[in-house]
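Q: Single-letter residue listing:
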Amino acid sequence: DAGVIQSPRHEVTEMGQEVTLRCKPISGHNSLFWYRQTMMRGLELLIYFNNNVPIDDSGMPEDRFSAKMPNASFSTLKIQPSEPRDSAVYFCATGHEGTGENTGELFFGEGSRLTVL
Amino acid sequence: AQKVTQAQTEISVVEKEDVTLDCVYETRDTTYYLFWYKQPPSGELVFLIRRNSFDEQNEISGRYSWNFQKSTSSFNFTITASQVVDSAVYFCALSDEGNNRLAFGKGNQVVVIP
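Chains as they are written, first to last, in this note's numbering: chain X, 57 to 173; chain G, 31 to 144.
No lab work stands behind these hints, which were simulated from the structure alone.
Heads up, the beta-carbon is just placed ideally off N, CA and C, and yes, glycines get one too.
Check the hints yourself; a few may be wrong.
What the hints assert, rightly or not - Below, computed lysine-lysine pairings styled on DSBU-like, alpha-carbon distance capped at 35 Å:
id: 1; chain 1: X; residue 1: K80; chain 2: G; residue 2: K33
id: 2; chain 1: G; residue 1: K68; chain 2: X; residue 2: K124
id: 3; chain 1: G; residue 1: K100; chain 2: G; residue 2: K33
Stated by the list, open to error - Sample of chain X residues at the chain G side, in silico, Cβ under 10 Å:
id: 4; residue: F89
id: 5; residue: L101
id: 6; residue: G165
Excised from the complex, chain X in its bound form (with noise of 0.2 Å):
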């Protein structure tokens, strides 16, 4: 199994420009989560899905920042326009939602660190 693939690794980007950050779930994950790591406040989650449907949305931080998940496969987090604040590092991580053993572990990507100037 390949993991969860995040993508961009690193970017650096000027403040105002649009920044996508692309991630490919575990196959057979249902849910698929975004979390931002910061040195001040730490891992927050941003917002989660599942299904692919949006459910807990309360963490993204500004209407600058949106997320999709078109399909099983693929989610996007979008900021629009970046600003330096925005520099962090942007995780995702997917997971098998429902009861039994597997509930509650979260498998995570390598992270996209974002640097906004």
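Dock chain G against chain X, hints included.
A: Same frame as chain X, but now just chain G:
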């Protein structure tokens, strides 16, 4: 609301010493899961253990051991005979039954000095 507290931000130990990381959690749910993840300097998050709220047995995996005590809402992690490769940030996390939404603590930065 769920909350996970890892009070120690950075811990330095000399190689071969033991180190214990404290994790205290808050939840109103009767069924929940507790986790530890490791984040080495390379940045990825590596799953270490999952424990459900009905299983208070301690667990040992090699040099790693976990002590779950519901009475004190704690799920502590001990690394025995630490090695330089153990240097990482360790996160404790909590989720409800039926969903994978993890609430993370702030993490413990462990530095193992050779």
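Q: Could you tell me which of the numbered hints above are not met by this structure, giving the numbers in increasing order?
A: none
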